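2 protein chains.
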Amino acid sequence: MSISTISWVNGNVKIIDQTKLPLKLQYITCRDVKTLWKAIKVLSVRGAPALGVSAAFGVLLGIKTFKGNDRKRFVAHVLKTCDYIGTSRPTAVNLFNALDQMREVLVFCPDASVAELKKRLKSQAFAIYEEDRKVCRRMGDFGARLIKANNRIMTVCNAGALATADYGTALGVMYSSKKKKRKCKVYACETRPLLQGARLTTWELLRAKIDTTLICDNMAASLMGQGKIDAIFAGADRIARNGDTANKIGTYSLAVLARYHKVPFYIVAPRSTFDMGIESGKQIPIEQRSKEEVTSFGGRPTAPKNVKVYNPAFDVTGHKLITAIVTEEGIIRPPFKVNIKKKLL
Amino acid sequence: MSISTISWVNGNVKIIDQTKLPLKLQYITCRDVKTLWKAIKVLSVRGAPALGVSAAFGVLLGIKTFKGNDRKRFVAHVLKTCDYIGTSRPTAVNLFNALDQMREVLVFCPDASVAELKKRLKSQAFAIYEEDRKVCRRMGDFGARLIKANNRIMTVCNAGALATADYGTALGVMYSSKKKKRKCKVYACETRPLLQGARLTTWELLRAKIDTTLICDNMAASLMGQGKIDAIFAGADRIARNGDTANKIGTYSLAVLARYHKVPFYIVAPRSTFDMGIESGKQIPIEQRSKEEVTSFGGRPTAPKNVKVYNPAFDVTGHKLITAIVTEEGIIRPPFKVNIKKKLL
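Residue numbers (the numbering used here), protein chains in the order written: chain G, 1 to 345; chain B, 1 to 345.
Hints were generated in silico from the structure; no laboratory data involved.
In this text the structure is predicted, and so the values were computed from the model without any measurement.
Quick reminder that beta carbons are idealized off the backbone N, C-alpha and C, glycines included.
It is possible that part of the hints are untrue.
Claimed, not checked - Coverage of chain B stretches by chain G, computed from C-beta distances (three or more under 8 Å per stretch; other residues unrestricted):
{"no.": "1", "segment": "23 to 34"}
{"no.": "2", "segment": "200 to 213"}
{"no.": "3", "segment": "219 to 225"}
Claimed, not checked - Straight-line distance between alpha carbons at most 20 Å, and here's what the computed SDA-like set of lysine to any residue pairs gives:
{"no.": "4", "chain 1": "G", "residue 1": "LYS291", "chain 2": "B", "residue 2": "ASN150"}
{"no.": "5", "chain 1": "B", "residue 1": "LYS34", "chain 2": "B", "residue 2": "ASP83"}
{"no.": "6", "chain 1": "G", "residue 1": "LYS262", "chain 2": "B", "residue 2": "LYS262"}
{"no.": "7", "chain 1": "B", "residue 1": "LYS185", "chain 2": "B", "residue 2": "PRO264"}
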């Protein structure tokens, strides 16, 4: 993939401004944490794995301006920076995992100088970045085993190159499948309210020359009812120990529809998405987003001002609706409680 | 209801321009058939029952300009006008039913003069209009029996006053329920791509002071999964003899989700929506609409230009997913094949 969603360039974080896609391929150069924080907040950069990399790079931005050699002050500064970055997207487990990995550097080097810590934080951030790239390829290769030639696949939101530092999660499966000469046809759900499917998924799939058809979210059942969908692949924002999966709003809807129509429903996500600290999806907090995302479009109102709105960013798909979860360690099938532990612990 | 969706004023058809809602309450005065044809085509006026009334009034517009007393020429002119109106929305059965009722006037008055025919066509059109108003009230009253106080109801598209000459079909149930002092809370699915739910349903429900929450279509399952929906009410564009129902795209999706979550799923439609000539939903042609409805919004593109699009206007909900059909003759329950015949023939 030639899409560079996030990279470290001359001491700054360079990201694609995904709010401008598909109209313009425009980059944002984040020279400080605040700019990056805002980019995460307004979804200029999004997608679970890309958020992990962003958080790690964000810490590097935060320490750029630190002056002096006072270790205690430096540690406090890094921890504060981590906490600050954590407030940008409170539901994103990858973001917190990456921040924890950065914090561990401090814990494991109790005697290191400020200069040494800076160096180690930098290598940790780059390790997270490189790991994401490797992990994408491995997930793609495992997932491609689930695809037959000419399969018609449905996907939701953007779980692609734009959501990671490389190949994507759910879309990585399609890229890998294409590389193996097993072409597939993709139906992308537009994914209201922010249209990540329409704006981002179609954009990157067309760039990769994959046969892509855009649909509104409420058309998915119509296609399944006609027997036109062979499998559904979605990403994940957080997966509980029992396999319950939080992902973009609408994912649960597709999973229920898939069950009714006997279509296999797959989640593709790296181990960093698993939150082994929570037993089930009931413990996953659901971010509620602003009313205006639903009542207006491009600044133009589309509903009466005084209407109430329900606008959850995610929903939780119970593990019973999931056929398998594709990870970099292989394909995990039910019973998930047992097999997730076996594969990932 | 104080909403006058369609009316005959000084020899012209006055309609609310629904493409302008909810921003502006603006009327279009159709002085000729062509203007009305276009208004139907671009959905300035829509909704199955309102289309029936529009078609009947359209015939009156068509005969306004007819000069002379040549009966043969007049009949040909009326038939041509009817055919022309029929091309505006080829899927709308109410439109064709109304046109057939207008044609019947010609058949049943073989000896009438042009002046006499004009008079009879006018009373026929007004009879269709009055009938729609009566039928709305009756459906609303029957449907309200299915609602308990404080029920949380979901609806799709706009099956309200804006879709009829009076009270609406699915929303009529809520209006009637409110009149009977059984308040309910309504969740309106925005209904992509044209957002009739966001633009029209919320607008008219708020005017009627009904507690209304707007959601994106892909959020419906999330609410049902949390046990927050007590019933779903939808309108219909065409119902086959076995109860299979074509309605706005996304209706089938809600019906499948309702079945999974054990939520009752009701269709509200007048007998004019039933097409006894077709045995099942398989025979209902599905109108495919333009790609631009999905790839742009308010003139602003939201997806790459070269992406393919699947944009059906309707889907068909199999009768097995329908709990009951509310008509002006009463509530029809399964087995539909038998009971539709019993109630409506």
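Outcome of the hint check:
no.: 1; hint: 23 to 34; verdict: violated (count 1)
no.: 2; hint: 200 to 213; verdict: holds (count 6)
no.: 3; hint: 219 to 225; verdict: holds (count 6)
no.: 4; hint: G:LYS291 with B:ASN150; verdict: violated, 24 Å
no.: 5; hint: B:LYS34 with B:ASP83; verdict: holds, 13 Å
no.: 6; hint: G:LYS262 with B:LYS262; verdict: holds, 19 Å
no.: 7; hint: B:LYS185 with B:PRO264; verdict: holds, 16 Å
Hints 1, 4 from the list above are not met by this structure, while the remaining hints are.
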